[in-house]
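As you go down the protein sequences, you meet chains A and B in turn.
Residues 1 to 284 (this note's numbering) make up the first sequence, in order.
Residues 1001 to 1309 (this note's numbering) make up the second sequence, in order.
Keep in mind that the hints were calculated from the coordinates and are not lab data.
Don't take each hint at face value.
To be verified - Now the in silico label distances, taken between C-beta atoms and shown as ranges: (1) B:Ala1201 with A:Pro170: 24 to 30 Å; (2) A:Val20 with B:Leu1192: 16 to 22 Å; (3) A:Asn139 with B:Leu1192: 49 to 55 Å; (4) B:Phe1114 with A:Ile88: 49 to 55 Å; (5) A:Asn139 with B:Val1255: 42 to 48 Å; (6) B:Ala1047 with A:Met269: 36 to 42 Å; (7) A:Asn189 with B:Ser1210: 49 to 55 Å; (8) B:Ile1289 with A:Phe73: 55 to 61 Å; (9) B:Ile1289 with A:Val265: 52 to 58 Å; (10) A:Asn189 with B:Asp1195: 16 to 22 Å; (11) A:Lys107 with B:Ser1210: 37 to 43 Å; (12) B:Gly1257 with A:Thr56: 46 to 52 Å.
Glycine included, every Cβ here is placed at the ideal spot set by N, Cα and C.
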Amino acid sequence: MPKKERGINVGARRTISYVVLVFFTILCLFWFYVLFINATRSHSELATGFTMIPSTHAIDNLNNVLHDTIPIFYGLLNSLIVSFCTCILCTYFSTMTAFAIHAYEYKLKKFIFGFILAIMMIPTQVTALGFIQLIRKMNLMQSFIPLIVPSIASPIVFFYMKQYMESALPQELLEAARIDGAGELRIFNTIALPLMKPAIAVQAIFSFVGAWNNYFTPSLILTKNDKKKTLPILIAKLRSADFAKFDMGKVYMMITLSILPVIIVYLLMSRYIVGGVAVGAVKG
Amino acid sequence: MRGSKNISRYNRWGYIFLIPFIVIFIVFQLIPLGTTIYNSFFEHYFANGGITEIGPKFVGLQNFGTLFSDGRVLTCFKNTMIMWILGFIPQIIVSLLLAAWFSDPSLRLKGQPFFKTVIYLPNLIMASAFAMLFFTLFSDFGPINSMLTKIGLISSPIKFTSTVMGTRGLVAFMNFLMWFGNTTILLLAGMLGIDTSLYEAAEVDGATSSQVFFRITLPILRPILIYVLITSLIGGLQMFDVPQILTSGAGGPIVDGKKTSQTLIMLLNDHLFSKNYGMAGALSVVLFIITSLLSFLVFKMTKSNDEYK
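Let the hints inform the model, and build the full structure from the sequences given.
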């Protein structure tokens, strides 16, 4: 080590940063590597300890998962339905709400905008009690509707859309469309929505992943039929069942199935996602 | 232009476009909030394993008294805070360090998109599956213990999942892994927004990189750091999936009759499942007040930032 801070040259600092970055890269990826390797190994192979080389039992494990009492493929399908519908409703209506605040002038505008910002951080858990009582009264227990429809009012997604709109949607464009005689709903659907595509793509992924990973609310609503449950509830079941009796190859395969779709989508879209996080962050 | 008939006619659409949000918000958030608060004033639960319904009987603020006197809430609050702090401290240090490196023009680090992609990845992983994965990997005869034994670091397996430090440590570690990438990207955005002429001036004056970091970067980042702290605290108070799955909802291990990894939301979840509406309501109201106060601070900051522009 050179004498003082000042003495450390750029080359040395660069080397240190690469070493640390590689360390954190490994720290982030290691678990998933172990998971994928273990998902290809049989129960007896897993009992012998860990190796870094994949084995040949991936198909067997997949077959075992298919015939297990925990209906993971129903879970995949259910999660897909809930997440897809949530994603569509959430992004469409959040963009619409942002448009309502961005494109028009009216008395309550400032108040409503301030109100949405104020409630942005309040977690859904604190209203969960009233929420289930309401859902029970509406006769919607065991249904996907209470998991999907409330996402229409998503303050955080709204806020992101509003921020993006300020730079992407000039008022002059709307004026021009009005002069051409377009109706307001048409202006929203054919002018605002297409211009918002990049922001919608980012929030579509976030809302999809958020719904896909959500455990707290679905576990309170989908309580009866295992075939109607979403993935996180089934994963939780895996943990609470008698763990020691499980075929570990099967357990790893189930976990793989529940996180692999998100990893694939993320790797395909990561450029937009990481950029999207930063855009939201310029605020703050 | 203002006041023209045409304009006021289409401005009406502002209200129309707000209808979906407002209706859904009132039905699925405001009304539930109201009934949750209402419930907190009633004694209402099911005894004898859920057969006998007690109440609902109006008891005023008695539920809040019970909430704090039976000690479980304070234990859960303590557990939540310990696990949050254990994860947050390394998270903020590592994030500051990585963001400083990413934004340092003299370092010119290559492969930044790759590193950012990788460190953000854990944030998107299903927390329940991630916790399940860690439970299997860190079990007494799981891969981690088998590796450590093979290398010769330990002679008998470390009991990660059945000791207090092991369980809390695992929860904190998972929270760290899931959030440090996110925080890094937030801080990096803030650092890239700093006027480069400040750095150039510092360089001319012969400041070292650590002087630049502590004298220029940190003070300017203060608002973002506070924002990160408060939002992370709000998130920390909601901690649920990871400890719930890791301990199978038990919040164990139990020491002196107290659960050592049960969080506030896990306690709420218990009350909801056992249909103790009074206590669930009271706990929700307390959590609502705390998170409202915290989010009010965030709201203030967001607003004052808006006024800058």
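Outcome of the hint check:
no. : hint                                : in the structure
1   : B:Ala1201 with A:Pro170: 24 to 30 Å : violated (37 Å)
2   : A:Val20 with B:Leu1192: 16 to 22 Å  : holds (20 Å)
3   : A:Asn139 with B:Leu1192: 49 to 55 Å : holds (52 Å)
4   : B:Phe1114 with A:Ile88: 49 to 55 Å  : violated (31 Å)
5   : A:Asn139 with B:Val1255: 42 to 48 Å : holds (44 Å)
6   : B:Ala1047 with A:Met269: 36 to 42 Å : violated (52 Å)
7   : A:Asn189 with B:Ser1210: 49 to 55 Å : holds (54 Å)
8   : B:Ile1289 with A:Phe73: 55 to 61 Å  : violated (43 Å)
9   : B:Ile1289 with A:Val265: 52 to 58 Å : violated (38 Å)
10  : A:Asn189 with B:Asp1195: 16 to 22 Å : violated (41 Å)
11  : A:Lys107 with B:Ser1210: 37 to 43 Å : violated (53 Å)
12  : B:Gly1257 with A:Thr56: 46 to 52 Å  : holds (49 Å)
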